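A.B. asks: Let the hints inform the model, and build the full structure from the sequences given.
Protein chains in written order, with the UniProt record's numbering: chain A, 1 to 410; chain B, 1 to 410; chain C, 1 to 410; chain D, 1 to 410.
Just so you know, these hints were derived from the structure itself, not from any lab. It should be emphasised that the depicted structure is a prediction, and the values quoted were computed from it without experimental measurement. Just to be clear, a hint being listed does not mean it is correct.
Note that identical chains are pooled: a pair holds if it fits in a single copy or bridges any two copies.
To be verified - DSSO-like mimics (lysine-lysine), calculated; alpha carbons at most 30 Å apart, straight line:
#1 K163 x K118
#2 K8 x K329
#3 K290 x K185
#4 K290 x K163
#5 K178 x K163
#6 K329 x K185
#7 K127 x K178
#8 K290 x K329
#9 K8 x K328
#10 K178 x K118
#11 K127 x K328
#12 K185 x K8
Protein chains: 4
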Amino acid sequence: MDFAYSQKVDALRQRINDFMEQFIYPHQQTYREQIAASGNPHHHAEIVDELKERARREGLWNLFLPDSEHGAGLTNLEYAPLAEIMGRVPWASEIFNCAAPDTGNMEILAQFGTEEQKQRWLHPLLKGEIRSAFAMTEPDVASSDATNIQLTITREGDEYVLKGRKWWISGAARERCKIFIVMGKTDPHNPVTHQQQSMILVPRDTPGLTIVRSLPVMGYIDNEGHCELSFDNVRVPGSNLLGEEGSGFAIAQARLGPGRIHHCMRAIGMAQYALELLCQRAAQRVTFGKPLIEQGVIQEWIAQSQLEIEQARLLTLKAAWIIDTLGKKAARDAIAMIKIVAPEVQTNVVNRAIQVFGAAGLSDDFPLASLWAHGRTLHIVDGPDEVHKRALARSLSRPYISPKTSSKAP
Amino acid sequence: MDFAYSQKVDALRQRINDFMEQFIYPHQQTYREQIAASGNPHHHAEIVDELKERARREGLWNLFLPDSEHGAGLTNLEYAPLAEIMGRVPWASEIFNCAAPDTGNMEILAQFGTEEQKQRWLHPLLKGEIRSAFAMTEPDVASSDATNIQLTITREGDEYVLKGRKWWISGAARERCKIFIVMGKTDPHNPVTHQQQSMILVPRDTPGLTIVRSLPVMGYIDNEGHCELSFDNVRVPGSNLLGEEGSGFAIAQARLGPGRIHHCMRAIGMAQYALELLCQRAAQRVTFGKPLIEQGVIQEWIAQSQLEIEQARLLTLKAAWIIDTLGKKAARDAIAMIKIVAPEVQTNVVNRAIQVFGAAGLSDDFPLASLWAHGRTLHIVDGPDEVHKRALARSLSRPYISPKTSSKAP
Amino acid sequence: MDFAYSQKVDALRQRINDFMEQFIYPHQQTYREQIAASGNPHHHAEIVDELKERARREGLWNLFLPDSEHGAGLTNLEYAPLAEIMGRVPWASEIFNCAAPDTGNMEILAQFGTEEQKQRWLHPLLKGEIRSAFAMTEPDVASSDATNIQLTITREGDEYVLKGRKWWISGAARERCKIFIVMGKTDPHNPVTHQQQSMILVPRDTPGLTIVRSLPVMGYIDNEGHCELSFDNVRVPGSNLLGEEGSGFAIAQARLGPGRIHHCMRAIGMAQYALELLCQRAAQRVTFGKPLIEQGVIQEWIAQSQLEIEQARLLTLKAAWIIDTLGKKAARDAIAMIKIVAPEVQTNVVNRAIQVFGAAGLSDDFPLASLWAHGRTLHIVDGPDEVHKRALARSLSRPYISPKTSSKAP
Amino acid sequence: MDFAYSQKVDALRQRINDFMEQFIYPHQQTYREQIAASGNPHHHAEIVDELKERARREGLWNLFLPDSEHGAGLTNLEYAPLAEIMGRVPWASEIFNCAAPDTGNMEILAQFGTEEQKQRWLHPLLKGEIRSAFAMTEPDVASSDATNIQLTITREGDEYVLKGRKWWISGAARERCKIFIVMGKTDPHNPVTHQQQSMILVPRDTPGLTIVRSLPVMGYIDNEGHCELSFDNVRVPGSNLLGEEGSGFAIAQARLGPGRIHHCMRAIGMAQYALELLCQRAAQRVTFGKPLIEQGVIQEWIAQSQLEIEQARLLTLKAAWIIDTLGKKAARDAIAMIKIVAPEVQTNVVNRAIQVFGAAGLSDDFPLASLWAHGRTLHIVDGPDEVHKRALARSLSRPYISPKTSSKAP
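C.D. replies: Here is the structure:
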C-alpha cells in the first residue's frame, strides 16, 4: 500500500497544472466572450483550437487512453489525478482531447470498431478534428432501467432503420459533432433482456435525424448542448453496427468503468476548486468584525469540505486501481460507490462556496453557479444516485441472502 | 389555541385557488411564450394585464395590505395562507397586486410617505399601474451587515446627490418599474451606526442612474431582473427623502416583518407544489417493476417533505400571528426562524422532486429547476441563513449570559 | 386560527411549572439516592408518594383524562402543553398520575372495561394506588407489523389460556405494577387479519406468568423496567377479556392517538430542557478566549435546536387539536408525523447538549445521557420511524395512485 | 500508488481474523459472564489471561510498536488494518497486548523514559503483566484547550508534589492498573504556555491518590472504568518525571499520532462489524411481505454505510502512511481529519444497525448499544469534533490569510 503518486504521474500533474495556470485559467473570460460574440451558445470558441494545438505539441494529448497504440498508455490510476486537474474548468478537458463523451466513444471504437469504422471515426476523433455524441437516454421511460429502451433498430436489406426519440444527448449541439453512437433495440422480444440492445453509428447529417432542441440544464444552455433527437426512419448501412447485434448492453457496460472514473475525478476537481475559491473569498470578506474565514461556521464548512473531497478522491483512485489490477467487473461496487459519492461532494462543496460568496455566488461572475448546475446533473446522468445505491446494496447483501428468505422481486 | 382558518380566510383561499386553477395554471405556457416572443426576458407579458384586470374586478386585489384604507385590511395571519397559494406560480402574486418588492414598498410609502409621495408613487402602485424596486444590497461589501453600506446621499442645497453602486436590485429591469427606494448613508460618521442611513425615492429616469446589467441567478435571467445599478451624482429633490434623515435603518426594519411572512409563505407554497408534482410523477414512472411512489426511498422523501412543509407552515403562521397580536418587535425571533426554515424546506423538497423527475427535472419543461434556483436565492437575500441563525442564537442566549462571562465581541 | 394558550391552560402551566420548580427539580438527587439505597433499580422511591399526595391535594391529578367523570376533563390540546412540562423530568408525570403506560391503560379501561374490571383495576389506577403494564411487543417477530403477533389466547371452558412470550414490556418490573393488559391472538386463522387479536387482563401474580428479566436500554436499567415475560399456560377467567374477542387491534388503535400526543409532548419537553442546559453550560465554559455560547458553531446549534423544537411543538399541538375537533381517525397522518418528528428532535437536541457538556455530558452527573437513551427508544417503540414514514407516504400518495398504476404489493 | 495490503500484512490479517473467529467471537458471552460473576465491573476476566497467553505464544503480541526492539516492528500503515480487526470486539486488543491506553503509554515510555523507568514500568507493560492509565482531562475546565490544565506539580526537595483532580481517566479502575502517567503544570506562569506542563509517573498505590469513582458512560460502566481521581499532596520521587520539566505538552503531542490511527481503525472495525450485523438481521426479518434487506430504505442504509466506512478506512490508512513516510508533524491535518470522520462513521452505522434490530438493538443481547455508547465518547475524548474541525480549518486557511486581513484572535 502506497499513497504517493508515481514520479511519472507527478511530472504529468505538474505539466498539466502549469498548462492550466498559463493557458486555461487566464482565458476563461476569452472563452466566454468568444461564445457570446458568436451568438451561438454551442459555438466552438477559437481559443480552443489554439490551445489544443499547443497541448498536442507538448504531448499532453489523448492521455485518457490506456491503449498505447492510440493514446498515452496511462493506466486508469495514472490518468485519474490528471482528470481531476482538467476537471476544474469545464472546457479544459477538450484542450487535451480528453473530453467526454468522446473519450468513452473512442474507447469503444478502439475496442469494438471495425477497421473501416476506426478509419472513418476513431482517427479523426483521436486527432481532435471532430466531436461525437452517445445517444442512450429516452424521454418517455425511466432510462435508469436499460430494459426500458424503446428506440428500434430494424434490419432492412443491407441497412438498419432507426425509429424513436432520445434526449439529454450531450454534445450533440456542438458545431463539430459529426457522429452519434446510438443505443436501440434490434431484438426487443429476446427473452434475455440484456441481449435485446445494439449500438450503431449514425452520422449527424443522416436524413431523418433531427436535433429537436437543446435542453437547458438548471437554467443553463451549455456549450456542449444536451439535445433532444428524433429518429424518423433513419437509414444507415449494415456496416455501421458497432460490434454484434445484441451486444449493445455489453458495450455500454464496457464503456462505463473508466468513464465514471473520469467523471468522478473531474467532479472532485471542481469541488477542490470551489473550496479554494471559498477560502479566498472568506479571507477577504469581513462581517461582524472578523474575516469570514475565522468564523466558526465557515471553518466548519472548510474542514467538512476538505474531509469530503479527500475521502472521495481516495475512493475514486482506489476504484481506478481496481479496474487496472482486477478488471472492470471486480470494480463494479467501487464504481457504484464513487458514482454516488462524487456528485454529492461536488454539490455540497460548491453549495457552501456559493453561500460564502453571497449573491455574487448566484451570478455568472464566478464559476460556482454553473459548477453547481453541472454537479446537479451528475446525481441523475448515468443513473440516479438511488439506482446506484440500490445496486450497491444488492451486491453487498448477496452473502446474507439465502434462497429461502429472498423474495422473488427483481 | 385554534388551528382552523377562519371562514373569511377559507372563503378567500377557495376563491384564489379557483382563480389559480382557471386562469393561472393553464396560462403558464402562454406567459412563457409571450416573453419569449418579445425577445426581452423582462417583458411585461400581455396575459398579466388581462388577468390583473380580472382579479381586480373580483376584488382579489391588494390583499397584502392590512391597512384597510388602501388594501384589503387582512391581518398578516389572514393574508399568509393566501400568499402561500399565490406563491406556487412565480408570476401569480402580481396578478393580485401582491408581488414583491412592491408590497413592501407600498407598506413603507403608506407608513412613512408624505402626501405628495403617496400621490405620485403609492397610488399608481396600488392601482397596479407601475412597478417599483428596493435598492439596498451593494457589490463590494457584505451587505448582511447593514453598517457596511457605502452609497452616499449628500445634501446639496435643495437636493440630495447619490453616489455609489447597488446590485441584486430585483425588479429593476421590469418594463414598468418606475421608482426605486434607495438606501444610503446621509451621515456616515454618526457614532450611532444605525442612524447613518436614510432612504430616498429615485425615479428610474433620473440622470446618472444607470442599469449596468441584469444578473443571471443560478443560470436564469428572471423576468423581474436582478440588476446592478450605478449612481453617478444622481440628483433628486429634497422632498424625495422617505421619512427623516437617519431613519433608513428603522424603515428597513419596519419593512421586513410582513415581507418575510410573505416570502416564506410563498416559499412554502412552492414546496407544496413541488411535492404534488413529485407525487404525480412518482405515480406514473415505473422502475424495477414498481411505480416509484411505492418504493421505499421515494416514500421516505414524500413523508419527509410533507413533515418539513407542514412544520414550516405552522411556524410561519405563528410568526404572522405574533406580528398581529404582539407587534413586529416581539416577532423578531419568530421571523428569524422562518427566514431560516422556509428556504431550507423549499430547496429540500424541490431538490427531491427534481431527482424523481430525473433529467426532465433539470430542464425547463417543468417548473422545478427554476423553482430551485429561486429557492437557492432565498438562503442569501435579506441576509444569509447564517446571519439569521446567529441573531436568533444571540437572542435566545441573552438570559444565560451574565455581564461577567460575556466577551466584548459584537 | 389562534396560537395563544387559553387562560385555563396558562394557569395550569403556571401551577405545574411552580410545582416542578418547588418539588421536582430540587428532588432529582433525592429520587436517585432513594433508588440507589434500596439496591433495587425498580424500587418505588419514597419521595414519589410524598409528592403524589401533594399533587393530588392540589388538584393536579389525572389531568390527562378528557373524560371528566374520572379525570380533569381537559381536551388533548389543553393537556398537551402540561405533558410537555412534566416530560422534562422522567419521573414527574407519575407525580400527577399522568404516567405511561397507566394513562393509556386507564383510557381503554374507561372506554372498554366492564363495571367489574373498572372497579378492580381502573379505580385503583385513578387513585394512583397501583401501576400497570401493556404487553404487546414480542421477541421473535417484527412487531411493527401487528399481524405478526404470536402469543395465543385460547378459550378453555370459562377460562382463557395464554401461551407465548413478550418483551420490552415497560413498567412490568415496578414494585406496584399489579395488572398487565396483554394482546394476543384468539382467532389466528381469521382471514380478516385485524380481527385475529384480543386483549385480556392478567394480574401480575397469575401462575405461569414469569418476568424473565428486565432489559437494559442503551446501557440503562430504567426504574420502570422493560421486561421480558413468559406466559406458560397462564389461565385467567373469561371475564378478564377486554372488550370482545377480535377487538384487540381496534382497542390498540383507540389507545394510540392521545398516547402519542403525550409521548411526543414529553419528548419535546426533554428537548427544551436539554437546550436550556446546553445554553447554561455554554455560557459558563470558555475555550479559545470566548464563552462557548458566543462561538459560531454553538450558536448554530442553539438556533437549529430552537427551530426544531418550536416546529415539532406546533405540529404536535395541531395533532392534538385535530383529535379534539375531528377525531382520532382524521388525525392519523398528523399523529404519524409527530411520531416521526418528536424523537428526531429529542435526540438531535440532546445530542448537541451532550457535545457541549463534553465528557460530563456522557456521565450521569447530568440528565443528558439518560435523556438521550430514552429518546433513542422513541425511534423504535410504537413502531420504528420508517414504518410511520411509510404509512404517512402511503396515505399522502393515495390521491395520486390510480388502480391501474398501483402494483398489488401491500 | 498501490491499494493492496502487502503480503506480510495480508498474512497477519489472516492470522488475526482466524484468532478472532476461533477464540474471541465465541467467548464474548464467557467474558461477560466472568465479569458478572465477579460482582466487579472492572474485574479482569479469566478468559483474558488464557487468550493472552495463546496470542503471545503465536507471536501476535505488541504488534502496535514500530520499535522492533520492544515490539513487532510494524509500520503504522502495517498495523492499522490489524487494529481494525481487533477493534471489532472491545476487549480483543488487550489479548494481543495492543490495548489503549497502554499502547500510547508504552510508546512514550520507550521514547522518553529513563532506564529505570523502562525497567520498572515499560517491561511489565510489554509483557502484559500490568496495565496503566493516562491522566490528563480535568473536571472543571474545558480540557480541549490544554492550557487550561490546573493540576499542579511542585518540586519540593527531591520530590514532586501533585495537587488537583482528574476525571475520565480510562483504565484507572482496572484491577491490574499499576501506574498513572499524569499531566500537570510545573511552571504555570511560564509565558510560553506550551512549556508550563510536565508529565510524571505516579504508582497507583501512592498515598494521597484516590479513585473517587468510576463514571458511567452513556449508561455503561465499562470494564476499563473511566475514573475521577483526586490528588491530595501526592508525593513521588524526582526521578519519576517523564522527560524534562516543561516537556509535557510535547510528549502529549508525540503520543497522539499513532494512537489516533489505532483509535480510528478500531472505530472503523466496529462500524464494519455493525454493518455485517445489520445485514444479517435485515436478511432474516420480514415486514410487509419482504425481508428488510430488500426494502429501499434499508438498502440505502447499507450502501451509505459501506460508502462511509470505506472512505474513512482509506483516509485513515493514508494518515498512517503519512506518519510513516513524512512524520507525525506532516500528518497533523490528516490525523485531524480521521479524528473527525471515524467517530461519525461509527455512530452513523451503529445507529442504523440499532434501528434495523429494533428494540433488540437497544438491549445488551447484541453488542450494538454498547458499541454506540463507545462511539459517542469518541466525539469528545482527545478533543471534541469541533476543536479538530477548527484546527483543520485554520491549517487549511493559512495560505489564504494575509497578515493584514487576519484578526488577532487566537
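A.B. asks: For a quick check of understanding: which of the numbered hints are violated here, in increasing order?
C.D. replies: Hint check: 12 fails alone, others pass.
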